[in-house]
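Single-letter residue listing:
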Amino acid sequence: MTTTSPSAASAPIEAAAPAPAEPAKRRRKKSSNFSGRDRTVFFLMVAVPTFFHVMLVWVPTLASIFFSFTDWNGFRLSDINLVGLTNYRQIFGAFSRDFYQALLNNAVLLVFLFLGPTVFGMFLAYLLDKNLKGSRVYQSVFYMPVVLSLAVVGFMWQSVIYSTENGLATQLFGSGNSGINWLGNQDYLISFSQNLGVSKNFIAILVAIAWRHAGYIMVLYLAGMKSVDMSLRESSALDGCNEWQAFRHVIFPTLKPINVVVAVITVIEALRAFDIIYVLNTPGRTQVLSILTTNNLLGEGGGNVGRGSAYAVILFALCLGFVIWYVTNHYKESEA
Amino acid sequence: MAVSSPPPTTSDPNTAVPNAIAPKPVGRKKKVRWQRVVLHVFLTLTALVWLVPIVGAVFSSFRPFAETVRDGYLSVPDTLTLDNYRNAWEQGDILHKYWNTLLILAPALVLTLFFSSMVAFAASRYSWRFNVGFLVLFTAGNLLPQQIIIQPLFQMYNRIPLPELLSNSGKLNGSTWGLILIHVAFQSGFCTFVLSNYMKLLSPELNEAAMVDGAGVWTIYWRVIMPLTRPALAALATLEFTWIYNDFFWAVVLEQQGADRPITSSLANLGGEFFTDDNLIAAASVYVAIPTIAVYFALQKHFIAGLSLGGSKG
Amino acid sequence: MSDLSLPQSPSPSKVGFALPRRSMIKGAAGVASLAAFPALLAACGSDSDGAVADGGTDTTTAGAGGFELGAGSGDLSIGSNYSNDQVKDALAATIAALPNKDIVPAVNTTDHNTYQENISTYLQNPDDVLPWFAGFRMQFFAAQGLVGDISDVWAAGLDNELSSGFKTASTGLDGKQYFVPFNYYAWGVYYRKSLFEENGWTPPTNMEELTTLATEMQAAGLTPFAFANSGNWPAMGTFDQLNVRINGYQFHVDLMAGRESWTDDRVKEVFATWETLLPFHSENPNGREWEEAAAAIVNKEAGMMTIGTFIGSQFPEGELDDLDFFPFPEINPDYGTEVVEAPIDGFMMAASPKNEQAAKELLYFIGTGAGQDAYLAVDPSVVAPAESVDSSVWSDLQNKVFDTVQNAKFVTQFLDRDTSPEFASNVAGPRIADFLADPSQIDSILEDMQAQAGVMLGDG
Chain Y
1 MTTTSPSAAS APIEAAAPAP AEPAKRRRKK SSNFSGRDRT VFFLMVAVPT FFHVMLVWVP
61 TLASIFFSFT DWNGFRLSDI NLVGLTNYRQ IFGAFSRDFY QALLNNAVLL VFLFLGPTVF
121 GMFLAYLLDK NLKGSRVYQS VFYMPVVLSL AVVGFMWQSV IYSTENGLAT QLFGSGNSGI
181 NWLGNQDYLI SFSQNLGVSK NFIAILVAIA WRHAGYIMVL YLAGMKSVDM SLRESSALDG
241 CNEWQAFRHV IFPTLKPINV VVAVITVIEA LRAFDIIYVL NTPGRTQVLS ILTTNNLLGE
301 GGGNVGRGSA YAVILFALCL GFVIWYVTNH YKESEA
Chain P
1 MAVSSPPPTT SDPNTAVPNA IAPKPVGRKK KVRWQRVVLH VFLTLTALVW LVPIVGAVFS
61 SFRPFAETVR DGYLSVPDTL TLDNYRNAWE QGDILHKYWN TLLILAPALV LTLFFSSMVA
121 FAASRYSWRF NVGFLVLFTA GNLLPQQIII QPLFQMYNRI PLPELLSNSG KLNGSTWGLI
181 LIHVAFQSGF CTFVLSNYMK LLSPELNEAA MVDGAGVWTI YWRVIMPLTR PALAALATLE
241 FTWIYNDFFW AVVLEQQGAD RPITSSLANL GGEFFTDDNL IAAASVYVAI PTIAVYFALQ
301 KHFIAGLSLG GSKG
Chain S
1 MSDLSLPQSP SPSKVGFALP RRSMIKGAAG VASLAAFPAL LAACGSDSDG AVADGGTDTT
61 TAGAGGFELG AGSGDLSIGS NYSNDQVKDA LAATIAALPN KDIVPAVNTT DHNTYQENIS
121 TYLQNPDDVL PWFAGFRMQF FAAQGLVGDI SDVWAAGLDN ELSSGFKTAS TGLDGKQYFV
181 PFNYYAWGVY YRKSLFEENG WTPPTNMEEL TTLATEMQAA GLTPFAFANS GNWPAMGTFD
241 QLNVRINGYQ FHVDLMAGRE SWTDDRVKEV FATWETLLPF HSENPNGREW EEAAAAIVNK
301 EAGMMTIGTF IGSQFPEGEL DDLDFFPFPE INPDYGTEVV EAPIDGFMMA ASPKNEQAAK
361 ELLYFIGTGA GQDAYLAVDP SVVAPAESVD SSVWSDLQNK VFDTVQNAKF VTQFLDRDTS
421 PEFASNVAGP RIADFLADPS QIDSILEDMQ AQAGVMLGDG
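For the record, the sequence lines run as chains Y, P and S.
Take 1 as the starting number for the first sequence in the working numbering and just add one per residue.
Take 1 as the starting number for the second sequence in the working numbering and just add one per residue.
Take 1 as the starting number for the third sequence in the working numbering and just add one per residue.
Pulled out of the complex, with its shape left as it was, chain Y reads as follows (with noise of 0.2 Å):
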């Protein structure tokens, strides 16, 4: 009954038998011994959702590559020249002091997120996974940010959090009337150069980033150390094992799976960021990789789809890299 109940396998990950997966491919079904009317309802399983995948999703991603070496302006199509690397070189060249921050600071919310609210998530779901009481509530708690649409987000931080004489950060940490400019201050804090740096403001971005995303990571968490074999966690705190002992060496080898998967999910949240930082404006030097491109690509000036592309293709370029790496690991067992 074990084997066949999805529901005793809400521990889906099976950390604790990795054997059955051998036989359970070799009685996987050879799709080649179907009838004619198998063949063709497969076949459809396949094609439909797959056009429509591809036709929406692959295909324009395609059309990007190409627009971003053209000088279009998004209007007719007879207007489409082909101008080489102009754009990427205007990119590396006229471009390049917001560009290069708008990196900087995708690579900083990259190692953030991964330092606060990643392990922070990791350690709430650590928490809850205890059979805590009232565990569902606290759950919810954590998680409710995740739920909300971003333009709700963006307003709380600006209006009442961040507001510089009314937020309630300024009326809790200021002193005096003469408020703080939380999402308006952009003096480095950290400067590599007179132009690159990260900025105070991108800081406090980032506090409400970490907001959302941990409700994200814990829940991820949770998922995955349901599955974890109590008995493992009973049998190591008998052992004597304190709780990072348990911690380090029982429960955390089991989560190697689900950490790949978080390991992705902060990666592309982190390059493909936007919606906070649209929301409250993009304040000076907390531009992100896609606020560029969104602002040429779509702003209101035309002329840019060219550019905007490029923009967009650095983008996907980057984000490829982690997709590459993500899926050859998944995968390469079940190709094997």
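Because the hints were derived from the structure by calculation, they are not lab data.
Ideal Cβ positions, reconstructed from N, Cα and C, are used throughout, including at glycine.
Take these hints with a grain of salt, some might be off.
[As the list claims (entries may be wrong)] Computed beta-carbon distance windows for the label pairs:
#: 1; chain 1: P; residue 1: R70; chain 2: S; residue 2: P99; range: 42 to 52 Å
#: 2; chain 1: Y; residue 1: F123; chain 2: P; residue 2: R33; range: 17 to 27 Å
#: 3; chain 1: S; residue 1: T205; chain 2: P; residue 2: H96; range: 45 to 55 Å
#: 4; chain 1: Y; residue 1: F66; chain 2: S; residue 2: D102; range: 43 to 53 Å
#: 5; chain 1: P; residue 1: V76; chain 2: Y; residue 2: V48; range: 55 to 65 Å
#: 6; chain 1: Y; residue 1: L320; chain 2: S; residue 2: N332; range: 52 to 62 Å
We have chain Y already, so just place chains P and S on it with the hints.
Frame of chain Y, contents of chains P and S only:
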């Protein structure tokens, strides 16, 4: 067809887990209790901090803007009023916007789960030449930045005619269908990934038993595998509901009629060129937030149990 | 490198323009307005008054683009970025006042910011009538063939309603009209009359007086200039004021068009002057919402603010009479205060509207006194351009804005309306914010601006 009836799916982990816990070592009882207190204090404090922005926004939504401008958000209210809610409801045309969202969300959600479960089924329950290739395609597609898709997608949509009956604009661009399709296409990547992981864990014998009973591919998918995949579908439905509901990137670009846009974009409509009443927006934010929070609470039980993201080792 | 991007060098007259004095004195205009509309209708119904009265019996449409007042009927879709309460109602009032009741209008409202951000995709699937800005930004889309020629609407009578300055601002690079002006406001230094009276202050007319006044305000415990720069546009407004006062109209136009360099000493002088004034401004303007700064004016914590007429929206009811403004004081005597910045908002027509007849009829109405009166009755924070508008009901402030603009030698739009919008929003805005954060960086800031201007505006 005995296999086709789903096994009872009662084992909610939160209730199932206690049985699994071995009795605690007696000597440690005191220490454990002490730890629990510390744990609760820590979690409660953290949770309170977490709630500050939300409570702050909700609190301000009951106050006139002039008052919070004068006294700041952290102040004892002179006036508590529902005016902001009344005004936001009318000015934001909230009911109509809920309806717009539903028109996009419901078909998109169903189609996303339907499409991705078919691909996941085909790729995880059968071995054929490109099954891994397809999974890679879908998984990678989900990880692309939206920005690289949007311009060509808009151009494509703007050149695909639709009968007036289906689209006010006469094109795929500016129609509900366009939004539904891109949600389905984009989100099916993630869902295919999760569902294939889940389906892989179902016993391979299920297929064979059904085959012996003379079931075709479709029957195996619909009557055998899908019922067993319900926990994962429930979890995904919760997640996807949130994601599709909260999208404003696709909607703003691909729908030019403000009145047809989903509710997330109605927040912006309450702001003016120069002047914005933040407390009015706070009230509208509450309207916007209610459905996702409600869905989360309704499906919370299935949510974590069904997330099988990590089940990838097969 | 690209031959199809922005129209690089609009002639000065096409970016900025002079609005000549009205021939009629205002009182007369007010009285005349009631009679003016029928008179104009008569003037433009090409052959008979009957066509107007019957609401469209005469259908001798002169082919595509033919336009006859009163002939329109059926559904008309109208785009709008008049999103929040008051302006939304005001526009609705205008549309409701359209005399031809055979036209069934439907308004598609999007908030101002979203509308602007997405204008280039919106224009590819637009409503029949849509809002936009006069001048450079209209001309760009007209040149792309994205909006419709409405010269016949002008010929049908708007020529009499709107002065030649407004016509120039509505004219594309090809000499045809694509725009109907609807309302405008003026940038200047706004203040509370009562505050000035209490302290015996008078509006300064030159830099010396301004500095003296600011110093006195500081001594009185006030912030002389309330200032906030969230969204980066408030600082652009201040830059414009200083630039036209120091370097005059022509330099402003040439700089915006990419014909003058941002590394020019004259630009540096603007920022140097600004730096001397910064101690009189609120600290840390970046990221602060302009409403917060305006609140300081309302609460008399600050003395004055360089901003547009819309600051009135922050004043409590009944206190609006206390709001006044003066033009930014003279800096360079060569240019005095001859330039006023008065952004004009109006409407355009889609390139291929579904209901062209009705669209043109509405655009015509929007350009007349009757249409604009209906708007101002609900939203009195702006001023209307039509000759026959009823200014007798205007507030002192509205009349002052009107007079200031009428008396100006040159009218500019706004930094982000007089140059490529992408340069304004992606480069000028953020870089001026950088200057406010650290004025000592100005040389590298200007070098960066010029490098980007070179790419975006063509040859610098």
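To see whether the hints hold, each was checked on the structure:
no.: 1; hint: P/R70 to S/P99: 42 to 52 Å; in the structure: holds, 45 Å
no.: 2; hint: Y/F123 to P/R33: 17 to 27 Å; in the structure: holds, 21 Å
no.: 3; hint: S/T205 to P/H96: 45 to 55 Å; in the structure: holds, 53 Å
no.: 4; hint: Y/F66 to S/D102: 43 to 53 Å; in the structure: holds, 48 Å
no.: 5; hint: P/V76 to Y/V48: 55 to 65 Å; in the structure: holds, 60 Å
no.: 6; hint: Y/L320 to S/N332: 52 to 62 Å; in the structure: holds, 55 Å
Comparing the model with each earlier hint shows no violations; every hint is respected.
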